[in-house]
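Assemble chain B onto chain A, guided by the hints.
Protein chains in written order, with the numbering used here: chain A, 1 to 381; chain B, 1001 to 1346.
Treat the hints with care, since some could be wrong.
Unchecked claim - With a Cα cut of at most 27 angstroms, we get these calculated DSSO-like pairs of lysine-lysine:
{"#": "1", "chain 1": "B", "residue 1": "1151", "chain 2": "B", "residue 2": "1039"}
{"#": "2", "chain 1": "B", "residue 1": "1093", "chain 2": "A", "residue 2": "319"}
{"#": "3", "chain 1": "B", "residue 1": "1273", "chain 2": "B", "residue 2": "1093"}
{"#": "4", "chain 1": "B", "residue 1": "1336", "chain 2": "A", "residue 2": "234"}
{"#": "5", "chain 1": "B", "residue 1": "1035", "chain 2": "B", "residue 2": "1084"}
{"#": "6", "chain 1": "B", "residue 1": "1030", "chain 2": "B", "residue 2": "1084"}
{"#": "7", "chain 1": "A", "residue 1": "291", "chain 2": "A", "residue 2": "277"}
{"#": "8", "chain 1": "B", "residue 1": "1093", "chain 2": "B", "residue 2": "1140"}
{"#": "9", "chain 1": "A", "residue 1": "230", "chain 2": "B", "residue 2": "1140"}
{"#": "10", "chain 1": "B", "residue 1": "1086", "chain 2": "A", "residue 2": "234"}
{"#": "11", "chain 1": "B", "residue 1": "1316", "chain 2": "B", "residue 2": "1086"}
{"#": "12", "chain 1": "A", "residue 1": "319", "chain 2": "A", "residue 2": "375"}
{"#": "13", "chain 1": "B", "residue 1": "1084", "chain 2": "A", "residue 2": "319"}
{"#": "14", "chain 1": "B", "residue 1": "1086", "chain 2": "B", "residue 2": "1231"}
{"#": "15", "chain 1": "A", "residue 1": "234", "chain 2": "B", "residue 2": "1140"}
{"#": "16", "chain 1": "B", "residue 1": "1151", "chain 2": "A", "residue 2": "230"}
{"#": "17", "chain 1": "B", "residue 1": "1316", "chain 2": "B", "residue 2": "1336"}
{"#": "18", "chain 1": "A", "residue 1": "291", "chain 2": "A", "residue 2": "195"}
For the record, the hints were derived by calculation from the structure and aren't laboratory data. Only a predicted model underlies this, so the values are computations on that prediction, with no experimental measurement involved.
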Amino acid sequence: MKLKKILPQAITLLVVILIFGFFTMNAQLNMENRGIDFGYGFLSQESSFDVQFSLIEYSGSDSYARAYLVGLLNTLLVSILGIILCTILGVIVGIARLSPNYLIRTTAAWYVEFFRNIPLLLQIFFWYYAALRALPLPQDAEAIFGVSYLTIKGFYTPSLIWENLDIFIYSVIAAIIAIIFVRIQAKKLRENVGKHLPVLNISIAILFVLPLLTFLFGGVNVGYETPELKQLAKTSFKFEGGLSIPPELLSLVIALSLYTATFVAECVRAGIQGVGKGQREAASSIGLNRKQVLNLIIMPQALRIIIPPTTNQYLNLTKNSSLAAAIAYPDLVLVFAGTALMQTGKAIEIVSITMLTYLTLSLSISFFMNWYNAKIAIVEK
Amino acid sequence: MFKYLKQLTSLVAMVAVLFTFTTETMAAKKSKTLKNTQKKGFVRCGVSQGLPGFSNADAAGNWTGIDVDVCRAVAAAVLGDASKVKFTPLSAKERFTALTSGEIDILSRNTTWTLSRDADIGLTFVGVNFYDGQGFMVRKSSGITSTSQFKNGISACTNIGTTTELNMRDFFNSRGISYEPVAFEKADEVVAAYDAGRCDTYTTDKSGLAAQRTKMSNPDEHIVLPETISKEPLGPVVRQGDSVWEDIVRWSLNTMIEAEEYGITSSNADMMKTSDNPAIKRLVGAEGEMGAAFGLDNDWNYRIITQVGNYGESYKRNIADTGILPDRGPNELWTKGGILYVPPAR
Chain A
1 MKLKKILPQA ITLLVVILIF GFFTMNAQLN MENRGIDFGY GFLSQESSFD VQFSLIEYSG
61 SDSYARAYLV GLLNTLLVSI LGIILCTILG VIVGIARLSP NYLIRTTAAW YVEFFRNIPL
121 LLQIFFWYYA ALRALPLPQD AEAIFGVSYL TIKGFYTPSL IWENLDIFIY SVIAAIIAII
181 FVRIQAKKLR ENVGKHLPVL NISIAILFVL PLLTFLFGGV NVGYETPELK QLAKTSFKFE
241 GGLSIPPELL SLVIALSLYT ATFVAECVRA GIQGVGKGQR EAASSIGLNR KQVLNLIIMP
301 QALRIIIPPT TNQYLNLTKN SSLAAAIAYP DLVLVFAGTA LMQTGKAIEI VSITMLTYLT
361 LSLSISFFMN WYNAKIAIVE K
Chain B
1001 MFKYLKQLTS LVAMVAVLFT FTTETMAAKK SKTLKNTQKK GFVRCGVSQG LPGFSNADAA
1061 GNWTGIDVDV CRAVAAAVLG DASKVKFTPL SAKERFTALT SGEIDILSRN TTWTLSRDAD
1121 IGLTFVGVNF YDGQGFMVRK SSGITSTSQF KNGISACTNI GTTTELNMRD FFNSRGISYE
1181 PVAFEKADEV VAAYDAGRCD TYTTDKSGLA AQRTKMSNPD EHIVLPETIS KEPLGPVVRQ
1241 GDSVWEDIVR WSLNTMIEAE EYGITSSNAD MMKTSDNPAI KRLVGAEGEM GAAFGLDNDW
1301 NYRIITQVGN YGESYKRNIA DTGILPDRGP NELWTKGGIL YVPPAR
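Just chain A, with the same shape it has in the complex (with noise of 0.2 angstroms):
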């Protein structure tokens, strides 16, 4: 009885290692035979390569371990700006295809239905080679707002200039420490006492206040940096200074989060509609206005049916964040994947780390997203 519950189970478990060491055995015996050996000594090689974008500071003459946390960087910066729209928007065009007025629901409903049925790849291409090539050159650009300009060669925008930055984030962290504590003591307040404190505005006051405080005792300062244009030469211009975010960027967060959002809305619209009419009016007969309706019955309830199929969606942008590749965004791929794999030539090396990175990101989000989603369950007492 015992041995036919686990037999199954050996076979299984040894047929896998079997495949496994037969790839693995296979692998070596081909490298072998072809003189190429194996092994990530190339990782504290000069890469000699240089990127076009980098958060950190990366020339050619740093090691490929570098070029490949220029990479990953720039999959994390693409992925995080991707997630934070597709959710702002999502949640929006979700709630909007619940709305009573037949425009916006209409609009929100073509909205997904065109963006989530065609292949990403060619929205990709869309926003950078279609939408690319109606932009103006750098000398013809028009300035929006007097001192940003959106151009062929990217968006070009002032930068702040900080004194003592480090003095400012601090009392935006300590404003957010003591704007948690002071949540903690008002629902303390509330549910000992049944006194309720203006929770939002103390915590918009604490939010400004202390910042604010440091620019008059802490030595803070800010300036700012506005783009200048540059001739290169007799047509060929381009800006200096200020924020430059690459067109590559652009095209690649919009395309990632206009498509992704579209799959957040529909979980976000099923999890409302998810949550039985009776509570809404189970809840406005025991005298909740609209709001505390949404943010105390509704939403809490529709949160637990939107997250985890929101969390696939996550996990799927950060992934298709991958195909950055095709229009030169120096993501993981582009970077480590791509051309520090044709100079190293070490395929087998560079694909594995890859691989393992994209595995990473992925358990951590999820990771993530599984705590969140615990936190939200209901508690059946």
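Frame of chain A; chain B shown alone:
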């Protein structure tokens, strides 16, 4: 007695068959690639995703170009039919993996011969079929006529995974110019982005620039700057570890070049069989045993010349007549002021 005689003749015949079989396939036995190619009936050749003059497919899917002709020459030599080639279009990034993993048997894709590629990654370069160098293309209207006019902040479009990326860095760094590299995976994407105005300059091998220029929306608006910033000897590559196959590919290319040297063309090869010059006779299979060492018959080089033509014919057909690079420059024979020089076929 008669019965025995019959048995004896059949035995002799069998031994004879076996013997010819073994001599003919000694090399084939040594070369797994040759054996597989003959069994499959086609040569598996990796080419570019579309570079006019080198490897480019027309609307009907027929590949042409001087890189394509190297594979066709090998097919003519080992299979007797230059059309028996299966082409696999590869990006710069995919090409070496495709070769080392055995998906293709020849990589003939405007690939630069460098030390690290030859030594590190399990490849062997067999020769050079085009001497090239990296250059820059700019818009005519920019007024730039030399790389010395490049200024800080210039954006340069190029391909990833090429020597171009490294040369570009060396070039800009040595001149102290800051630049923005915009690297795409496919050549078509680079051209589209440069054409749209995303970059101030487009850099790759000069032959590539000349070829891609023909694909631009208005070719006359662009010029290739005169400076050459690197050496780019382009040539076919094979996997390491099959020296017979390596020799077949090397000598298929060399045959095309040497045929030009001796004035043998696809149209006069038949006449050349009765030439007085033994060097010419060897090249058309009329003298010597030039194929045996490869496990091929004696007409292998004759078939290359009649079916594909000599190097000059290939260059004229693919590169000169298409208006890409009418001037042969360094790709002229050593006897005519160029640097094309191959070891003698003897």
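So, going through the hints one by one against the coordinates:
no. : hint              : verdict
1   : B:1151 <-> B:1039 : 57 angstroms, violated
2   : B:1093 <-> A:319  : 20 angstroms, holds
3   : B:1273 <-> B:1093 : 44 angstroms, violated
4   : B:1336 <-> A:234  : 41 angstroms, violated
5   : B:1035 <-> B:1084 : 15 angstroms, holds
6   : B:1030 <-> B:1084 : 22 angstroms, holds
7   : A:291 <-> A:277   : 16 angstroms, holds
8   : B:1093 <-> B:1140 : 31 angstroms, violated
9   : A:230 <-> B:1140  : 19 angstroms, holds
10  : B:1086 <-> A:234  : 47 angstroms, violated
11  : B:1316 <-> B:1086 : 24 angstroms, holds
12  : A:319 <-> A:375   : 26 angstroms, holds
13  : B:1084 <-> A:319  : 40 angstroms, violated
14  : B:1086 <-> B:1231 : 30 angstroms, violated
15  : A:234 <-> B:1140  : 10 angstroms, holds
16  : B:1151 <-> A:230  : 10 angstroms, holds
17  : B:1316 <-> B:1336 : 16 angstroms, holds
18  : A:291 <-> A:195   : 19 angstroms, holds
This entry does not satisfy hints 1, 3, 4, 8, 10, 13 and 14, going by the numbered hints stated previously.
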